[in-house]
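S.K.: Spelled out from the first residue to the last, the chains are:
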Amino acid sequence: DGGITQSPKYLFRKEGQNVTLSCEQNLNHDAMYWYRQDPGQGLRLIYYSQIVNDFQKGDIAEGYSVSREKKESFPLTVTSAQKNPTAFYLCASSGGGWHSEQYFGPGTRLTVT
Amino acid sequence: AQTVTQSQPEMSVQEAETVTLSCTYDTSESDYYLFWYKQPPSRQMILVIRQEAYKQQNATENRFSVNFQKAAKSFSLKISDSQLGDAAMYFCAYRQETSGSRLTFGEGTQLTVNP
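Chains as they are written, first to last, in the numbering used here: chain A, 1 to 113; chain B, 1 to 115.
Derived from the structure by calculation, the hints contain no laboratory data. All figures in this text were calculated on a predicted structure; none of them were measured in a lab. Hints may be right or wrong, so weigh each one.
What the hints assert, rightly or not - For lysine to any residue, the following SDA-like pairs were computed, each having C-alpha atoms within a straight-line distance of at most 20 Å:
no., chain 1, residue 1, chain 2, residue 2
1, A, K9, B, T98
2, B, K55, A, K9
3, A, K9, B, I46
4, B, K55, A, E101
5, B, K55, A, H99
6, A, K57, B, Q2
7, B, K70, B, Q57
8, A, K9, B, S42
9, A, K9, B, Q2
10, B, K70, A, H99
11, A, K57, B, T98
12, A, K57, B, E97
13, A, K9, B, K70
14, B, K70, B, Q6
15, A, K83, A, N18
16, A, K9, B, P40
Next up, chain B with everything else stripped away, as it sits in the complex (with noise of 0.2 Å):
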């Protein structure tokens, strides 16, 4: 079976720097895709960023990049000029083809922005 693991339960930053949320998975299959989500304390889960695992570049939404790294099984997403509105539980997920394309979710970051 699949696994992710976010071995940070807690991760804190400063205003307007850069932190990295690290997240390592196992699987044995080669095509799938990897997710970071999302979760203020409205609870609304939010997509912020998604990675084909064929695809060698590194996926980047504005502040956000992730550090994809296929042959480790690692996928960290970094956030750069930290705001106060990041602040939020960070998940880390994985969805294969097979199995309805089903989400398999690690434990979470919670992220704290200090001003």
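Pulled out of the complex, with its shape left as it was, chain A reads as follows (with noise of 0.2 Å):
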């Protein structure tokens, strides 16, 4: 089955430690993002990448990092410096031309205490 695999659904950690979120697609899709999103809001872009080895920040950017070296693998690293990681945070891809639409994985539910 191709989709996007996110990893794990629930993960908790303690302030001050970095933690990292796996985003997996076997869609062979060019570009991936990363959103987050709090209650009564809408999704906010984190970061993006439309291609292996590069990638652009987004709308809230600061105190998270990603990498892309590999075409289905784009990692979220949310380090100590994000005041306010306690979200939930959605993963998707797109085959990266105008026409695509993004797929979304299932999400995962980061708790930080």
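Once you've looked at the hints, go ahead and assemble the two chains, each given alone in its own frame, into the complex.
M.R.: What follows is the structure in structure tokens.
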């Protein structure tokens, strides 16, 4: 089955620790995206990558970092510099063309205490 | 910067009836895509319908249709014959050709379907 995998579904960390969220896709998509969702708000873009070894900041990149070493993988690291990291994180991918839609993973709920 | 506004935080509808969710957006682009996504309690984002701005005909997908008013920058979603499974958070989203085809989302509308 083709799709996007995010693991784990729930993640708990202590304040001050870095944590990496996994996102893997087997859709052979060029572009990948990370969004953050807070209660009562829409999704906000953290980082995106249109091609391997290249990525751009989104609207709320501060306190986050990413890498894109392989086409199928786009891990997101939430660093200790992120002031309010508790949120629901969604990964998406698309074929990259203008007419391509974004497909979303199931999300990871991160709780930092 | 592009913005998307959904002015109805919550809506409710009786099963089998019709409901319309509102969305407005702001852009200076002439060509772009607009989307409606559904997020049920599982939190999986599901694409409901999409509309390319240069196409004047309103998109339709089974019970879901849109009313796209380009000059007014309005993009509403109509759900006909509402079903219990339609209960979800609905997000309107905008995508422009530049900037990596990134999506800009509205705040969402929580739809309740009453039996």
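S.K.: Confirm or reject each hint.
M.R.: Here is how each hint holds up against the structure:
no., hint, in the structure
1, K9/A x T98/B, "32 Å, violated"
2, K55/B x K9/A, "39 Å, violated"
3, K9/A x I46/B, "18 Å, holds"
4, K55/B x E101/A, "17 Å, holds"
5, K55/B x H99/A, "13 Å, holds"
6, K57/A x Q2/B, "16 Å, holds"
7, K70/B x Q57/B, "11 Å, holds"
8, K9/A x S42/B, "11 Å, holds"
9, K9/A x Q2/B, "31 Å, violated"
10, K70/B x H99/A, "19 Å, holds"
11, K57/A x T98/B, "14 Å, holds"
12, K57/A x E97/B, "17 Å, holds"
13, K9/A x K70/B, "39 Å, violated"
14, K70/B x Q6/B, "16 Å, holds"
15, K83/A x N18/A, "12 Å, holds"
16, K9/A x P40/B, "16 Å, holds"
The earlier numbered hints that this structure contradicts are 1, 2, 9 and 13.
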